[in-house]
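**Student:** Please work from the sequences and hints to get the whole structure.
Each chain, letter by letter, is given below.
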Amino acid sequence: MTTSEFAVVAEGLRKRYGDTEALAGLDLRVPAGTVHGLLGPNGAGKTTAVRVLTTLARPDGGRATVAGHDVVRAAARVRAGVGLVGQHAAVDEVLSGRRNLVMFGRLCHLGPRAARRRAEELLERFRLTEAAGRPAGSYSGGMRRRLDLAAGMILAPPVLFLDEPTTGLDPRARAEVWDEVRALVGGGTTVLLTTQYLEEADRLADGISVIDRGRVIAEGSPGDLKARVGGGRIEVVLEDPAALTAAAEIVARAAGARAEVDPGALRVGAPADAGGAAVLIEVVRALDGAGVRVADIVLRRPTLDEAFLRLTGDRQQGDTGQKDDTEQKEVPA
Amino acid sequence: MMPLPETPLGRLRWAVADTRTLTGRALAHWARRPGDVAVALLFPVVVVLLMGYLFGGQMEVPGGGGYRAFIVPGMFAMTMLFGVETTFAEIAGDKARGVTDRFRAMPTAPSAVIAGRGVADLLHSVAALVVMACCGLAIGWRAGDGAGRALAGFGLLLLLRFALIWTGVYLGLGAKGPESVATVQMLVWPIGFLSSAMVAPATMPDWLGVIAEWNPMSATVTACRELFGDPAPAGGSWAGRHSVLLAVAWPLLITAVFFPLAARRFRAMAR
Numbered sequence: 000m001t002t003s004e005f006a007v008v009a010e011g012l013r014k015r016y017g018d019t020e021a022l023a024g025l026d027l028r029v030p031a032g033t034v035h036g037l038l039g040p041n042g043a044g045k046t047t048a049v050r051v052l053t054t055l056a057r058p059d060g061g062r063a064t065v066a067g068h069d070v071v072r073a074a075a076r077v078r079a080g081v082g083l084v085g086q087h088a089a090v091d092e093v094l095s096g097r098r099n100l101v102m103f104g105r106l107c108h109l110g111p112r113a114a115r116r117r118a119e120e121l122l123e124r125f126r127l128t129e130a131a132g133r134p135a136g137s138y139s140g141g142m143r144r145r146l147d148l149a150a151g152m153i154l155a156p157p158v159l160f161l162d163e164p165t166t167g168l169d170p171r172a173r174a175e176v177w178d179e180v181r182a183l184v185g186g187g188t189t190v191l192l193t194t195q196y197l198e199e200a201d202r203l204a205d206g207i208s209v210i211d212r213g214r215v216i217a218e219g220s221p222g223d224l225k226a227r228v229g230g231g232r233i234e235v236v237l238e239d240p241a242a243l244t245a246a247a248e249i250v251a252r253a254a255g256a257r258a259e260v261d262p263g264a265l266r267v268g269a270p271a272d273a274g275g276a277a278v279l280i281e282v283v284r285a286l287d288g289a290g291v292r293v294a295d296i297v298l299r300r301p302t303l304d305e306a307f308l309r310l311t312g313d314r315q316q317g318d319t320g321q322k323d324d325t326e327q328k329e330v331p332a
Numbered sequence: 000m001m002p003l004p005e006t007p008l009g010r011l012r013w014a015v016a017d018t019r020t021l022t023g024r025a026l027a028h029w030a031r032r033p034g035d036v037a038v039a040l041l042f043p044v045v046v047v048l049l050m051g052y053l054f055g056g057q058m059e060v061p062g063g064g065g066y067r068a069f070i071v072p073g074m075f076a077m078t079m080l081f082g083v084e085t086t087f088a089e090i091a092g093d094k095a096r097g098v099t100d101r102f103r104a105m106p107t108a109p110s111a112v113i114a115g116r117g118v119a120d121l122l123h124s125v126a127a128l129v130v131m132a133c134c135g136l137a138i139g140w141r142a143g144d145g146a147g148r149a150l151a152g153f154g155l156l157l158l159l160r161f162a163l164i165w166t167g168v169y170l171g172l173g174a175k176g177p178e179s180v181a182t183v184q185m186l187v188w189p190i191g192f193l194s195s196a197m198v199a200p201a202t203m204p205d206w207l208g209v210i211a212e213w214n215p216m217s218a219t220v221t222a223c224r225e226l227f228g229d230p231a232p233a234g235g236s237w238a239g240r241h242s243v244l245l246a247v248a249w250p251l252l253i254t255a256v257f258f259p260l261a262a263r264r265f266r267a268m269a270r
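Chains C and F are the protein sequences, given in the same order.
For the first sequence, numbering that gives the first Met the number 0 begins at 0 and goes up steadily by one.
For the second sequence, numbering that gives the first Met the number 0 begins at 0 and goes up steadily by one.
Simulated from the structure, these hints should not be mistaken for lab results.
Any given hint could be a false lead.
Where chain C lies over chain F, by a calculated footprint (3+ residues, C-beta under 8 Å) [stated by the list, open to error]: (1) 15 to 24; (2) 28 to 35; (3) 99 to 109; (4) 258 to 270.
Note that this is a predicted model, so its numbers are computed, not measured.
Ideal placement from N, C-alpha and C gives every residue a C-beta, glycine not left out.
**Tutor:** Take a look at the structure:
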């Protein structure tokens, strides 16, 4: 793919705030017309990445282009081609919803009539026509977010940045925002969204970059990321603690991987990659053959939460040491 | 995509248009909250009436003349000074709510974000001066030396307000949120009262009187009294005798210090 097929390209972006390295060489490529999720814990550098890509903050190092323009050298061009919906619903709370959109339109240098027309279109599209005359400060959280999205869409920008667009919203308002984002992408907009909610990334994003400490630590489609922590997982809960060792050996052999034993919960688990069903059958047969009594047995797909915790947790544990050492023993395959 | 202006003139035209839009935003706020505007405009009037009628009986103005007429020019300048609080709160509020960042991420001229605030604040101050002048006329204050000198006086007042915009912008951009306005109030009030606005420095302890006479506020107040033809004596010090010169020099100096500081803080938002 050539650069122009990517709406957002970042190479080795660095940004330091005092002693904190907010971005430590961030690489990112977002294909045009897709939704890309930046997923990471608090303080991972998601917001800083968005601020650099929308020209609000200057990078200390590396380079980035958005909609084909360099964010440092052609900042004004980038601003004309992006919409930003930040973490705050950054609308004027005193002015009415309509007045807000007209003002933002004028600040995007639409003529008075064009700004009014665009405001009406957006009010309609984001189902705010009825509340258009009321001060934005009186809107519910979901309505305010929709107004915020509308303000980010004044110029129908080819690239839209959403920084935690549903933080603090109730499930219904969240679903409304998701619907709007899907509709925008249907219209050809590229969306880069940051989120702490794995469900959000899973539902919306075509591609996900998991970032931690200012760096991308994993990348791929939601499915890829789930597959990376193992295709699935087999877990057996026993009735008798005496059978733990035997069960662990059986599970490890069948799964062809290390089995993790949790003596407290009488549980034996192991990653079970592709062919998990065959592993399950083998485990059931072997346990039965060995006369091990089983309270529960499951084969389950990993959630994105697990993938996320795995990916970010590995790094943290590398620093602090294995804190689960005392509880879990590993049995080699 | 919107074509960007390529020439300096084109960019200037955008900046002017954006400033007008953002000034319009502030005016629209007033239309939405007429009660707040009325309170802001009437507050100095209430202060003057309180001081004039409660304290006035006990006050003796050096050189004769009524206390009420004496404090009206003082209150004009106080109103300019209180304006710092407005500028501060609006700038800090927009920054804390992310509104400033939204403007900065749009193809809007960055200078207009501050200039729009400045123009709106000057307009607000003009309105406050008109209200205050009407009140002054009602309680015995006169601008007796002709319209030209009176306008020059009001010009000096607005020059002070102009300088204080940059102080307000600088402080507002450094604030955590609009709530910190209480801190600014604590700074503003002593600066306002430690001047010739309400009391003649000649009546203060010597050392305090010297500080009061060199207060930029005093320069504007004394110059206004002179231009309006008020009888109160300017005082014998160099600062007192050259009040008009100082009433021009002080605001220029404040602007020379705070304009670059404010501009640097605004640019530093990109750090």
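**Student:** For the stretch 28 to 35 of chain F, do at least 3 residues have a Cβ located nearer than 8 Å to some Cβ of chain C?
**Tutor:** holds (count 3)
**Student:** Establish whether the coverage given for the stretch 258 to 270 of chain F by chain C is satisfied; the threshold is a Cβ-Cβ distance below 8 Å, and no fewer than three residues must meet it.
**Tutor:** holds (count 3)
**Student:** Given as covered by chain C, does the stretch 99 to 109 of chain F meet the bar of three residues or more with CB within less than 8 Å?
**Tutor:** holds (count 8)
**Student:** Confirm or reject the coverage of the stretch 15 to 24 of chain F by chain C under the rule of 3 or more residues with a beta carbon closer than 8 Å to the chain's beta carbons.
**Tutor:** Coverage by chain C holds here, the residue count being 6 at a Cβ distance below 8 Å.
Of the numbered hints stated above, none is contradicted by the structure.
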